[in-house]
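*Asks:* Okay, here's what each chain looks like letter by letter:
2 protein chains.
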Amino acid sequence: MALVFHKLVSLEEALRIIDEKMGGIKPLGIESVPLHHAYGRILAEDVYARVDSPPFDRSTVDGYAVIAEDTYNADEANPAKLKLLGKVEVGDIPNIEIYRGTCVEISTGAPIPRGADAVVMVEYTKTEDGDILVYRGVSPGENIAQTGSDASIGDLILRRGRRIGPREMGALAAVGCSEVKVYATPRVAIFSTGNELIPISEKLKPGKIYDVNSHAISAMLKDLGVKVDFHGILPDNYIVIKKSIEKALEKYDIIVTSGSTSAGFGDIIYRVFEELGGVLIHGLKIKPGKPTVIAATEDNKLLIGLPGFPLSAMMVFMVLAKPIIMKMMGMQSFGEENIVKAKIPIRIETGKGRRHLIPVQVLSSAEGLIAYPVLGDSGAATTLSIADGFIDIEEEKQYLSEDEEVAVKLFQPLKIPSISIVGSNCPALSILLDEAGLWDAKQVNVGSFSGWRALKRGEADIAGTHLLDPETRKYNIHMPRKMGLENEVEIYRGYIRTIGLVIAKENPKNIKKIEDILREDVIFVNRVKGSGVRTFLDIKLSELGVGEPEKKIRGYTYEVKTHTAVASAVAQGRADVGIAVGYVAELYGLDFIPLAEEYFDFAVRKDRLSKESVERFIETLRSESFHRKLEEIPYYKTCPETGRKIFG
Amino acid sequence: MALVFHKLVSLEEALRIIDEKMGGIKPLGIESVPLHHAYGRILAEDVYARVDSPPFDRSTVDGYAVIAEDTYNADEANPAKLKLLGKVEVGDIPNIEIYRGTCVEISTGAPIPRGADAVVMVEYTKTEDGDILVYRGVSPGENIAQTGSDASIGDLILRRGRRIGPREMGALAAVGCSEVKVYATPRVAIFSTGNELIPISEKLKPGKIYDVNSHAISAMLKDLGVKVDFHGILPDNYIVIKKSIEKALEKYDIIVTSGSTSAGFGDIIYRVFEELGGVLIHGLKIKPGKPTVIAATEDNKLLIGLPGFPLSAMMVFMVLAKPIIMKMMGMQSFGEENIVKAKIPIRIETGKGRRHLIPVQVLSSAEGLIAYPVLGDSGAATTLSIADGFIDIEEEKQYLSEDEEVAVKLFQPLKIPSISIVGSNCPALSILLDEAGLWDAKQVNVGSFSGWRALKRGEADIAGTHLLDPETRKYNIHMPRKMGLENEVEIYRGYIRTIGLVIAKENPKNIKKIEDILREDVIFVNRVKGSGVRTFLDIKLSELGVGEPEKKIRGYTYEVKTHTAVASAVAQGRADVGIAVGYVAELYGLDFIPLAEEYFDFAVRKDRLSKESVERFIETLRSESFHRKLEEIPYYKTCPETGRKIFG
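Protein chains in written order, with the numbering used here: chain R, 1 to 648; chain U, 1001 to 1648.
Calculated lysine-lysine pairs in the DSS-like style (CA-CA distance at most 30 Å, straight line): (1) U:Lys1181 / R:Lys205; (2) U:Lys1409 / R:Lys409; (3) R:Lys287 / R:Lys352.
To spell it out: a stretch of chain U is covered by chain R in this simulated footprint if at least three of its residues, at any positions, have a beta carbon under 8 Å from a beta carbon of chain R; those stretches are: (4) 1144-1158; (5) 1204-1213; (6) 1373-1386; (7) 1578-1588.
FYI, nobody ran anything at the bench for these hints, they're computed from the structure.
The structure displayed is predicted, hence computed values, not measured ones.
For every residue, glycine included, the Cβ atom is placed at its ideal position computed from N, Cα and C.
With the rest of the complex left out, here is chain R (with noise of 0.2 Å):
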C-alpha cells in the first residue's frame, strides 16, 4: 500500500506547530523609507507626532478676524462695525495685531492675527467705505482651528503593524513623518509542478491542462503586497525541482510550490522540503487542501507546499498560508475580517472529521443574508471567480440544515448588485443582461425548480424558467400555485429555444431519434437530475415504455451539468449523443437533431416590479435590439408575446 500522509492536523494545530518549531514567526528585518515611498508597506515603528497639526492657530473660513466679542450683539438689524485694518493670506506670517472694534479679512487657512479670537464668515459681512459690517456674532475659538487640534506633539499617530494606506500617509505627512520605519517585504518565488502542466501562453495537448495556480497564488501574493516571482513550471522530478528551490532559497525568504503534494504516489515535495529543511505540516484535516507540505529552513526560510489543483490551492492559501505571511510582513491583526452571517437555502451534507470550507454566492432577502454554495470539485478553478466567500464548516459537524445561520467569510466586500437572477441559466440570458447594461447583476445558476424557490424566500427578483407541466403541457404557469405564489409573481415570456440530439459532425452513428440512444453501439451523455432536459428525457423515455434506463442506457450514470458539458463530451467522442439546446451544437460544430421547443421565461417578484434594475430588463426583454440579437443565436428566437406578461 502507498504512503498516506504522515499526520493530518487542523488548521490551528498548523499554525500553532508552524510558529512554535520556527521560534515564533516574525517579520525580516526593519528599513526606513521616505514617506512618499511608503504606501502599502507596514509600520514598523509607532508613530509620534514631531509636529503640531496644524502647527499654528488657523481660520477654518474665508472671512474676518475678529475679536468674539466686539460681535456678541450683532445680528441682521444691528450689524456690528469694524474698522478694516489689513488682510492676512494663507503662508503669510500676520505682522497685524487687532484690537477693539477692528478686523483683518482673512482666508481660509490662514494664521490667525495676534489679537484676534474668532473669524466671522465672509457670507455674514459686507463692506462700506472701507468698514466691515458684521450681521451674526461669533463665540471665541470660533472658525478657528487651533494648534495642534488635530495632534500635538508626542501625541500617539499610529501604532506598529499597520499598513499604510491613504489615511495613513495623510496623517502621517501632516505630523511630520518624513521618513517612517517599516518591516521588510518578504521576497517570495512560486513554482508550479507538474508533468500534466503547460503555460497559458501554448496550446493544449492531449493529457496535458494549463497552469492555473501561478496566475492565482502569484496574485494572492500581490494583494498582500509582497515580491513576488514565477519561476516556472517543474517536471515531477525529485532532482529538478531540488535543485530549482534550493537556488531560489538563495535569494528568497518564502517558497510556494504547487503541485506533487499529494501522498500517494509521487510525493516528491514532502522528500525535497525535508531534505531542504524540514517538513513541520504533511496533510490537513480540511477540504479541499488536504495533500498541503509546511516546512521551515535552519534559517527559518518558509516552505509552502500548497496542493495541485486550483481550488485546493487557492482556499488553503487564504486559510494558512496568508495568515502565516501577513505575519512575516509584521502584520499585526491575523487577516482582515470581513464576515457576514447569512443562512444557507438547502441542507449541505459535508460528513464529520474534516473542516469543509465551501465556496458560495450570497444574495440578500428580506430577512437577511442567504449563502448558496457553489458547487465544484477540488480542481475547480472558476468557481471562486463566481463566489462571494467561503463558510467554514468545523470537523465535529456532519450537515448544515436549510436556514442554518452561517458565518461567511466574504473575499472582498459585499456589492450589492443591481439584480439577482436566479434559476436555470441560458446563453441568451447574459445576452440579455449586457444588452439592459446590467453588468453587476448577480446570476446563480441552479435549475428552474430552485429559481423558485428562491422567488419564494425572497431572495431573488427574477427567476429564469422552463418547466413544463406534464399535465397541460404548458411552460411554467402551472408554477405560480404550485408554489403558493399567484399574488407574489408575475411572469414574462421569454424566448424560445430548440432542445434535440447533440451528435458527432456528419453523424457517423447514424442517430435519427431518440429511440437510438437505447442502442448498444451508442453511448449517450446525460444531465443531472432536476434540470430541464433530464425531466424532458425522463419523460420521453416513460412514454416510449422504458424502465430501468439506467442499465438500457449505456452512460445514461454519464451526468453533467450544463449544456455546453454535453456538446463537449460528444465533441471529444467521450459520448456519442447527447440532449442539449441546439445554440451549443452550432458552437462546437456538431450535428443537432430537434426534439422539442421550449419556453424561457422570467418570474418576477411584484415587488421588485419597482426596481429600476427591473424596469430595465422587462423593457429590454421587449425591446428590438434584443430580438435581433437574440434570433442571432442558433436555435433561438422570439416569439409574438417575447416580454408581455403572461402570468399575474
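Here the structure of chain R is known, so what remains is to put chain U in place on it, guided by the hints.
*Replies:* The following block gives chain U in isolation, referenced to the frame of chain R:
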C-alpha cells in the same frame, strides 16, 4: 463682498451634471495584454471559455481506476479483487484500456483510462500478490472530475467591468485566456496648491504647513489602480497654476489638484479650470467638502479641484472623484459597497441644508455595532486614520438622536479588535497596551465619563477613568453606584500621575500657584468641559471663591482637547500657563508646578474578564516590566495597589 460659490449642488446632481456634460463618463480605451500582465486591470470584454476545464476526465484522488460495477459488493469483509494492469501518471496519455475485473493505478489529476468509470481511493485498497483488493464500493463517476465540469468551451466566465484579482486570474488561466482585453488605465497628475505648503522633506517654517494631500490623494488613486504622478506644490499664482496644468493636460487624462478652491478671496482654481475647459461644478452641498471645483476639457479630460483642507479633500475624493474615476476605468459598479448598520451613542447636531459626512469609529456591543463620531474640523489630517468609516447624514436632517441607526460606509473591512478601551486617554495606556502585545486594541478617546457610559452600554471592555468624587475626594470607586453598575464592573487600580501648572521654561511670568492664572498679565489655556483637568480646575476655582471665571481669567474660553495641546500652547507662547499632566511639560521642555496627584484606573466589565485580551491587560498592569516602564515616564508612578482590584 467677495465672490461666493456659484451654485452649490448635491453629490447626486454633481455626478449627473458631470456625466451629462461629458456625454457619459466612459472608459478611455481598450488594450490587449498577456494574462500575466492583467493583474489589477479591469476586463473590457465578456470572457468565454476557450478550452474545457478540466480538458479531460481526470481522477480527483490517488487510487485505482475501475469499472464501478466491479466494486458494488465490496466491503471490509469481502473485498473485490482486481487485476492491476498498469499505471497512469499525471501528464500521461493513457494507452491502457480496462475491462471487467481489472484496474489501473492512477494519480490525482491523471486522465481516466478508457473503460474506467470510477476511481477507488488508495486508502480503501490493499495490494496482494500484484492484485488490488478493494474494500469499499464506488458508484459511476465517483472521484472523477468530468471534462468541462468546471467550465466548458463557450461558457461565460467573467463579465466585463470586473477587476482582475487572484480568483479571476485563476479562472482566466483555466479556460485558456492567454490574452485579455482590458480598459486603458487613466493617467493622473496630482498638484498641491497653496503658498502655505511645504514638502514633508523640509523643515516646517512659521505660517507654513506640510503638504498632506499629495500623499493621501496619491495613495487613494493607487488604491484604485491608476497611474499617478505627483507634480509638486504650486504657489497661489494664476499664471503658474494655469501653465502647469496646461502642460500636464498634454500627457494625462485626469488632473487632480487640492487647495486654492475657496471662493472667498482667491478662487484661482475656478478661474484656471474655466479657462482650460469649462467648470461643471463649483461648490458641493456637503460638509466637509464645499469648496470643490470640477471641470472637463473639450477632449473630455477631467479636472478635479479638491478642497485644500485634508479631511475635506479626502472625503470629496471618496464620495465624488472615486466613483467618476472608477467609471473612467471601466468598472461597472459604482464603488465597492462596504456598509454596516450601527447605532450612534450620542445625539449629533448637524443643521439642515448640507449633507454631512462624519467619520466614525465602530465598536461592537451585544446589541450590534456602535458608531462613535470622530471629532475634527475639515483641516484635520489624522481624523481619518482613527476612523473606520463615515456616516452620511442627508441634507434634510437637523440631528441624529441617541441610539438612532445609521449606515456606516467602511473604509475597509471591519476588524474585530481583541479589546476595546473607551474613556480617558493617557500616554501610559499606550505603553501598557504595547507591553501587553495588544497592538490591535481599539481605543476610543472620549473622556472618563463617556467611558463609563460605554461600559454600561456594553460597548467597551475596559474604561480608562480618573474621576474625582467631590464628596469623598476619592477617585473612581464612586462611579459604579452612580452608573448603576455595581454588579457589572470591577475596577483595577491603575497608576498615579501628577497634574499641575505647565509654564514656559524658566518661568518668565513668575507663576507660582493656581491663583496666578487670575493675573491681568497672564494668559491661560483651558481644557474642554468634561475633562478631568477642567473638573479639577473648576473645583479649585470654586474653593477660591472665583465666580464668572470667563470674565476673570484671560483665555478661560480658550479650550483645548488634550494635555499635549496645553503644553503646545504654552511652548508656542499662545498662552502663559495651563494645567496638564507633568509628562507633557517634560515632552515640550517646559517648567511644571505640581498641583495634585490623581489615580488613573481601569474599570472592566465583569462579563469580559474571561477574554484572553482582558486577562492579558490586567496581568500586564500588574507586571514588573510595565511598572519599570511607567516609572521612566516623568510624573508617573505606580502604587502598592497597582493592578489590584479596588472595586467589585
